[in-house]
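Put together the whole structure using the sequences plus the hints.
This is what each chain is made of:
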Amino acid sequence: DARVTQTPRDKVTEMGQEVTMRCQPILGHNTVFWYRQTMMQGLELLAYFRNRAPLDDSGMPKDRFSAEMPDATLATLKIQPSEPRDSAVYFCASGTSTDTQYFGPGTRLTVL
Amino acid sequence: AQTVTQSQPEMSVQEAETVTLSCTYDTSESDYYLFWYKQPPSRQMILVIRQEAYKQQNATENRFSVNFQKAAKSFSLKISDSQLGDAAMYFCAYRRMRGAQKLVFGQGTRLTINP
Chain A
25 DARVTQTPRD
35 KVTEMGQEVT
45 MRCQPILGHN
55 TVFWYRQTMM
65 QGLELLAYFR
75 NRAPLDDSGM
85 PKDRFSAEMP
95 DATLATLKIQ
105 PSEPRDSAVY
115 FCASGTSTDT
125 QYFGPGTRLT
135 VL
Chain B
190 AQTVTQSQPE
200 MSVQEAETVT
210 LSCTYDTSES
220 DYYLFWYKQP
230 PSRQMILVIR
240 QEAYKQQNAT
250 ENRFSVNFQK
260 AAKSFSLKIS
270 DSQLGDAAMY
280 FCAYRRMRGA
290 QKLVFGQGTR
300 LTINP
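Chains A and B are the protein sequences, given in the same order.
Everything in the first sequence is counted per our numbering, starting at 25 for the first residue and increasing by one.
Everything in the second sequence is counted per our numbering, starting at 190 for the first residue and increasing by one.
These are calculated hints, taken from the structure and not from any lab test.
Among the hints, erroneous ones may be present.
Claimed, not checked - Simulated restraints, written as ranges between beta carbons of each label pair:
(1) Thr31/A / Asn256/B: 22 to 28 Å
(2) Thr31/A / Pro230/B: 19 to 25 Å
(3) Pro108/A / Glu250/B: 38 to 44 Å
(4) Pro78/A / Arg299/B: 32 to 38 Å
As the list claims (entries may be wrong) - Heads up, incomplete: computed chain A residues facing chain B, CB under 7 Å, no partners named:
(5) Thr62
(6) Met63
(7) Gly66
(8) Leu67
(9) Phe127
(10) Pro129
(11) Gly130
Claimed, not checked - A few chain B positions that, by computed beta-carbon distances, are all more than 12 Å from chain A:
(12) Gln195
(13) Glu199
(14) Met200
(15) Tyr214
(16) Ser219
(17) Gln228
(18) Ser231
(19) Gln233
(20) Lys244
(21) Lys267
(22) Asp275
(23) Gln290
(24) Gln296
(25) Thr301
(26) Asn303
(27) Pro304
This one's a predicted model, so the numbers in the text were calculated from it and none came from an experiment.
The C-beta atom is built at its ideal place from N, Cα and C for all residues, glycine as well.
The following block contains the structure:
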């Protein structure tokens, strides 16, 4: 039963600290997405990759957020420095170019 | 830019009854995908059903079916024989068929099932 995995599931940190979230896409999926879910904004795209190359990161605050795919089995989303307004659930999803996106369980981030 | 609107923040239904969740969208594209995702309290986003815009036939998955009206840009979800496990947030989402592949989500509808 193939599924997207994300770690950590929950993260509580203090303002100013670096946060790294990791995602393992489903094997064979060439497209990886990062979404953020908040009560105010709902679900919004931060960035996505195809074949490990970034295609769109226009939804991501560039000064503090960065997203990478070091290899086909790992995607990372980093926030440095973190701020209270970054508190949200961060979802990773994967798919193929013509297929449905399958979501991981999300990382709930709380920045104090 | 594409937008998705879910006009019902909350809905409730009696167990075993039928409920319909509404979704409208705005796009200038002719080819696209539409989805319904379910998010239970566990927060996992689960695909419920998907519709390709070029298909006239409405998609069905067991107790879940859609009413896709392309001209009206409407995509409602019907849940038949509602079960307690159907209680969740339901999100309607749009994706272009070509070009940018991001999902554009509605604000969600919280569905409560009354025993």
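Taking the numbered hints from earlier one at a time, note which ones the structure violates and give those numbers from smallest to largest. Hint check: 1, 5, 6, 12, 17, 18, 19, 23 and 24 fail, others pass.
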